[in-house]
Amino acid sequence: MTRPSIVLLAVLALALPLSLLAGRVWIDPWETPNAAIILMELRLPRGLLALLIGAGLGAAGAAMQGYLRNPLADPGLFGIAPGAALGAVVSLWFGYAASVWLLPTFALAGAAAAMALLAAIAGRTGGIALFTLAGMMIASLAGALTALAISLAPNAFAMSEIVTWLMGALTDRSWGDVWLAAPLILTGTVLLRLAGRDLDALTLGEVAARSLGVNPAALQALLIAGVGLTVGASVAVAGVIGFVGLIVPHLVRPFTDRRPSSLIVPSALAGALLVLVADCLCRVLPLVTELRLGIALSLIGAPFFLALLLRMRRGLA
Amino acid sequence: MRLAARDLSVALGGIDVLHGISAELAPGTITALCGPNGAGKSTLLAALAGLLPPRSGAITLGEEPPPHLASRERARRIGYLPQNCEIAWDVSLATLVALGRLPHGDSASEPVAQAIASCGLAGLTARPVSTLSGGERARALLARVMAGEPRWILADEPLAALDLAHQLAMLGSLRQAAQAGAGVVLVLHDLALAMNHADRVLVLDGGRLVADGSTEEALASAIITRVWGVEAEWLGEAGARALAPRRPHSSP
Chain A
917 MTRPSIVLLA VLALALPLSL LAGRVWIDPW ETPNAAIILM ELRLPRGLLA
967 LLIGAGLGAA GAAMQGYLRN PLADPGLFGI APGAALGAVV SLWFGYAASV
1017 WLLPTFALAG AAAAMALLAA IAGRTGGIAL FTLAGMMIAS LAGALTALAI
1067 SLAPNAFAMS EIVTWLMGAL TDRSWGDVWL AAPLILTGTV LLRLAGRDLD
1117 ALTLGEVAAR SLGVNPAALQ ALLIAGVGLT VGASVAVAGV IGFVGLIVPH
1167 LVRPFTDRRP SSLIVPSALA GALLVLVADC LCRVLPLVTE LRLGIALSLI
1217 GAPFFLALLL RMRRGLA
Chain B
2 MRLAARDLSV ALGGIDVLHG ISAELAPGTI TALCGPNGAG KSTLLAALAG
52 LLPPRSGAIT LGEEPPPHLA SRERARRIGY LPQNCEIAWD VSLATLVALG
102 RLPHGDSASE PVAQAIASCG LAGLTARPVS TLSGGERARA LLARVMAGEP
152 RWILADEPLA ALDLAHQLAM LGSLRQAAQA GAGVVLVLHD LALAMNHADR
202 VLVLDGGRLV ADGSTEEALA SAIITRVWGV EAEWLGEAGA RALAPRRPHS
252 SP
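Top to bottom, those sequences are chains A and B.
Going from the first sequence to my numbering is simple: count from 1 and add 916.
Going from the second sequence to my numbering is simple: count from 1 and add 1.
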């Protein structure tokens, strides 16, 4: 394990227990009434979900940036997150979300459909340009259908529910969500880590990568599966949470040797930390209603993105 | 282990680019692929590396066609350096060269250090590639290929845009690799470099092999006139020849 990963693990080991105590009501494990129940049934699953989602999005971002050889790539660009969101919106539209399992199931089905479409369009050749365009087209289509669903919502309550859900949050999540997301996100992260060697080869471009033994179609399938599982499961349990996959690899890259493979695990750990801290902020900030996690991360992410663009511009000048 | 093309034809985007090329290349030598722009040199090199499927004919490495080898096995045997190779991330020179070990699935430090030393880059291992000069970068990319200890080194215009000293340094490294038993195939535009440093030259024109032989035979003035449309004369002694073009052959 590399030094950045060890440091991040140590910080996470400290941050998770502290995060359990943080909230609108700060918990003293010895004094607060029903502290054990609150910690075990509300705060711990929420904290673990934050870790899982952050890890999945961080790993997916690092892998996608390595795959596209572009530091501005984000897993949301490739249609899987919008596909999952569309699935969830459909379940809310029809009122199926009243059942605990149906919303995440629909979201996972949406992610799977986006993955299948992406693989069907781009998978045969393994070409990166076609993959990117296909992903953007799927993202655009899913976004348009989601907007259509909102505009044709059967009633104001459904519309409000859809819009609120799309903002992403970890409020009121339970162990059921953890058990649903954990195997999918962990499997996806392992798949992305397995793609590391081929992503390193892509540092030298597609042709050189093939000459180094990379099978482009197999790599693409691995990435679609890895990003699909991590991002699809994240959206299924928490809604759309942007910017993690974009920001985290940038924060971690200077502390690694900059190969995509050495970025995936530290990005997963840093993503876990970022979402955990952001969710704590959402709970702690004294607002009328709890700040949505997706909004909080976008508020952090957008200025970061702009700063990144300005730094790149200075580099080009 | 010989690398051979037998009656090889390759099409790109439905257009035939190579037509019926046959050549058997021996290890331990430097072979130059020469020809005017669009002659099919880069296509032939990529096809020899097993990266382009033949439309007809075959490429064989020993007894096996490279496209049929498992991609990693092919990568262990054939090191390929494309023209204008990009480096997407600002890795250190040592990390860049170590990418050559990917087909082996290890990060053996000995071959990486050897490749770095043989390309004269020993003092630069920790330098980010963005801080390297054009010549250092080109040598680092060649060292990346050599770190994989391939039986064949196939490089597309590795000397383009290098100054004289760097060209000679690169050719020295490649000659060392050939003397150690590797086969070296280079696409070269500079006919004098091919004449002075290759053991054999293949001349392509319009996707066909029009000359194949020793440097003196394949790059004879008559062939240069016919293929490049330029009347030219070789000056100097063997091993230090210079090409003196007179005028375009077909010009009034």
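Please keep in mind that the hints were generated in silico from the structure rather than gathered at the bench.
Careful, some of the hints might be misleading.
[Said to hold, decoys possible] Just a sample of chain B residues kept apart from chain A, beta carbon distances all over 10 Å, derived: (1) GLY63; (2) ALA76; (3) GLY124; (4) GLU217.
[To be verified] Which residues of chain B face chain A? A partial, calculated answer using Cβ under 8 Å: (5) TYR81; (6) LEU100; (7) LEU103.
[As the list claims (entries may be wrong)] Simulated coverage check for chain B against chain A, where a stretch passes if three residues somewhere in it have a Cβ under 8 Å from a Cβ of chain A: (8) 86-95; (9) 222-228.
We put the CB at the ideal spot given by N, CA and C, even for glycine.
Hint check results:
{"no.": "1", "hint": "GLY63", "result": "holds, 18 Å"}
{"no.": "2", "hint": "ALA76", "result": "violated, 4 Å"}
{"no.": "3", "hint": "GLY124", "result": "holds, 19 Å"}
{"no.": "4", "hint": "GLU217", "result": "holds, 32 Å"}
{"no.": "5", "hint": "TYR81", "result": "holds, 4 Å"}
{"no.": "6", "hint": "LEU100", "result": "holds, 6 Å"}
{"no.": "7", "hint": "LEU103", "result": "holds, 5 Å"}
{"no.": "8", "hint": "86-95", "result": "holds (count 8)"}
{"no.": "9", "hint": "222-228", "result": "violated (count 0)"}
The structure fails to meet hints 2 and 9 from the earlier list, while all remaining hints are met.
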